[in-house]
Amino acid sequence: MARVTPRQARWANAIAGAILLAMAFALWRDPGLVIRSEFAKQRLLLGGRSHDSVAGDHRWTWTEIPAKQADAPTLVLVHGYTGGKENWYRLARAFDHRYRLVIPDLPGWGQSERKPGADYGYVAQSARLAAFLALPEVSGGRPVTLVGHSMGGGIAALTAARHPDRAGRVALIDAAGVRFDDNRFGQDVLDGRNPFAVEDPASLQRYLHTVFGDPAAIPDLPWPADRIYIAQRKRDAAFEQSVLAKIGRGDEAFLPGAEAAKIGQPALLLWCADDQVIDPSAMALYGARIPHASRVLLDGCGHMAQMERPGEVAGALDLLVTRGAPAGPP
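One rule links them: number in our numbering = place in the sequence shown (from 1) + 54.
Some hints here could point you the wrong way.
[Said to hold, decoys possible] The calculated DMTMM-like cross-link candidates involving lysine to aspartate or glutamate, where the alpha carbons are at most 20 Å apart (straight line), are:
| hint | residue 1 | residue 2 |
| --- | --- | --- |
| 1 | Lys300 | Asp245 |
| 2 | Lys95 | Asp150 |
| 3 | Lys300 | Asp290 |
[Said to hold, decoys possible] Ranges of calculated distance between the beta carbons of each label pair, as one might list FRET restraints:
| hint | residue 1 | residue 2 | range |
| --- | --- | --- | --- |
| 4 | Gln286 | His263 | 17 to 25 Å |
| 5 | Gly101 | Ala315 | 24 to 32 Å |
| 6 | Arg113 | Ala315 | 18 to 26 Å |
| 7 | Gln295 | Gly365 | 31 to 39 Å |
| 8 | Leu262 | Gln295 | 17 to 25 Å |
| 9 | Gly354 | Asp219 | 36 to 44 Å |
| 10 | Arg113 | Glu92 | 19 to 27 Å |
| 11 | Pro170 | Ala338 | 35 to 43 Å |
Honestly, the hints are just simulated from the structure, not real lab data.
No experiment lies behind these values; they were computed from the predicted model shown.
Idealized CB from N, CA, C, for every residue including glycine.
Input sequences plus hints: build the corresponding full structure.
Following this line, the structure appears as C-alpha cells:
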C-alpha cells in the first residue's frame, strides 16, 4: 500500500476543506437546498423524473413516475393546502409502477410558480388544473384518473364537474369544499385564524399532530430541516392566510360540493375516521351530491390518508381504476 506523502495529505485536506466551504456557502445562499435535496433523492428512488410545463398562466413543476406497462392508465395526484407533490410519494411506492403517475405542485405551492396578487382559490386553480390536464405530456391525449386530497380534493371535484372530458374517473380523499360538522379546525378557519400556521417548533409539532392521526406516520424532520421548514412556513404565512380566506371562508368555500352533483364519472370518496381537519361528515355530504360514488372509511388515521395508509388507499384506487363504479347522470 503506497504511503501518502505530507504534500499529498495537505492537498487532500485543502480539497476537502474547499468542498465543505462550497457546501456551507450553498446552504447559506439557499437553506431550502437541504429539503429539496432530500425530496429529489426520494423522487429518484421512485424512478421519477422532474418536469416543468406552462399551463393556465403559470409554470408547473411536476413529477412523472412511469408505469411498467407503456399503456397503463395515468393518475394525476393533486395535493392539499400547505402540501406538495412529495405528500404522494408513499402512495407511489405502494402502487409499484402499476400506473403512470403525474404529481404536480399546484401553482402557488412548492416549486411551481407563484405570482404576487394572483388568485389561488378553487375556481382559478380548477381552471389552471384543467389546462394542465390538457397538456399532451400530462394526459397523453386521453382522460386521466384525477385524485385530489383536502384542498386538492375540492379543486379536483370542481375540475371533474366542469371538465368531464379531462377526468375519466375522480377520487376525493379527505376533501375540502363542503360544510362539514363543526370541529375545532373549521371553527378556527371561520373565525379568521390559520390553524395550520407554523412559526416555531411548538407550532410545528401541533401542526403535524393535527394532520396525522397516526404518530408513527409523521415524517422525520431532523435538524436543520425542521428549522428550514419553520422559516419557510413563516415566510409563506401571508400567502397561506390569503388562500385560506378564499377557500375556507369566502364565497367559493362550498362551491366544490355544490357543483359535485355534475360529476357523472366513476368516483371514489375516501376518508379517515379520525380526521381532525375535514370532518368525516364531509364524505356523506359529497356522497349526497355524487350518489354513485363508492365510499371507503379507514380507521386509525387522520387527515393524511395517503401517507398514513398508503397500501389501503392504493387498493381503493385500484378498484376505481379497474372496475370504476356505476356512472351517474350526465
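Agreement of Lys95 and Asp150 with the hint, judged by alpha carbon distance not exceeding 20 Å: Holds, at roughly 17 Å.
Distance restraint hint 36 to 44 Å, applied to the beta-carbon atoms of Gly354 and Asp219: For Gly354 and Asp219 the Cβ distance comes to about 38 Å; the hint holds.
Consistency of beta-carbon spacing, His263 to Gln286, with hint 17 to 25 Å: Between Gln286 and His263, where Cβ atoms are some 19 Å apart, the hint holds.
Status of the given 17 to 25 Å range, CB of Gln295 versus CB of Leu262: Once the Cβ atoms are compared, 20 Å apart, the range 17 to 25 Å for Gln295 and Leu262 holds.
Outcome of range test on Cβ distance (Gln295, Gly365; 31 to 39 Å): holds (35 Å)
Outcome of range test on Cβ distance (Gly101, Ala315; 24 to 32 Å): With Cβ atoms ~39 Å apart, the hint is violated.
20 Å Cα cutoff - pair Lys300, Asp245: Holds, because 13 Å separates the two Cα atoms, which is no more than 20 Å.
Pair hint outcome, Lys300 versus Asp290 [Cα-Cα no greater than 20 Å]: Satisfied, since the Cα-Cα distance of roughly 16 Å is no more than 20 Å.
CB-CB spacing for Ala338 and Pro170 relative to the 35 to 43 Å hint: Because 39 Å falls inside the window, the suggested range holds.
Supplied distance hint 19 to 27 Å, evaluated on CB atoms of Arg113 and Glu92: This hint holds: roughly 23 Å between Cβ atoms.
Ala315 and Arg113 - C-beta distance against the hinted 18 to 26 Å: violated (33 Å)
In the structure shown, a violation is registered for the earlier hints numbered 5 and 6, in ascending order.
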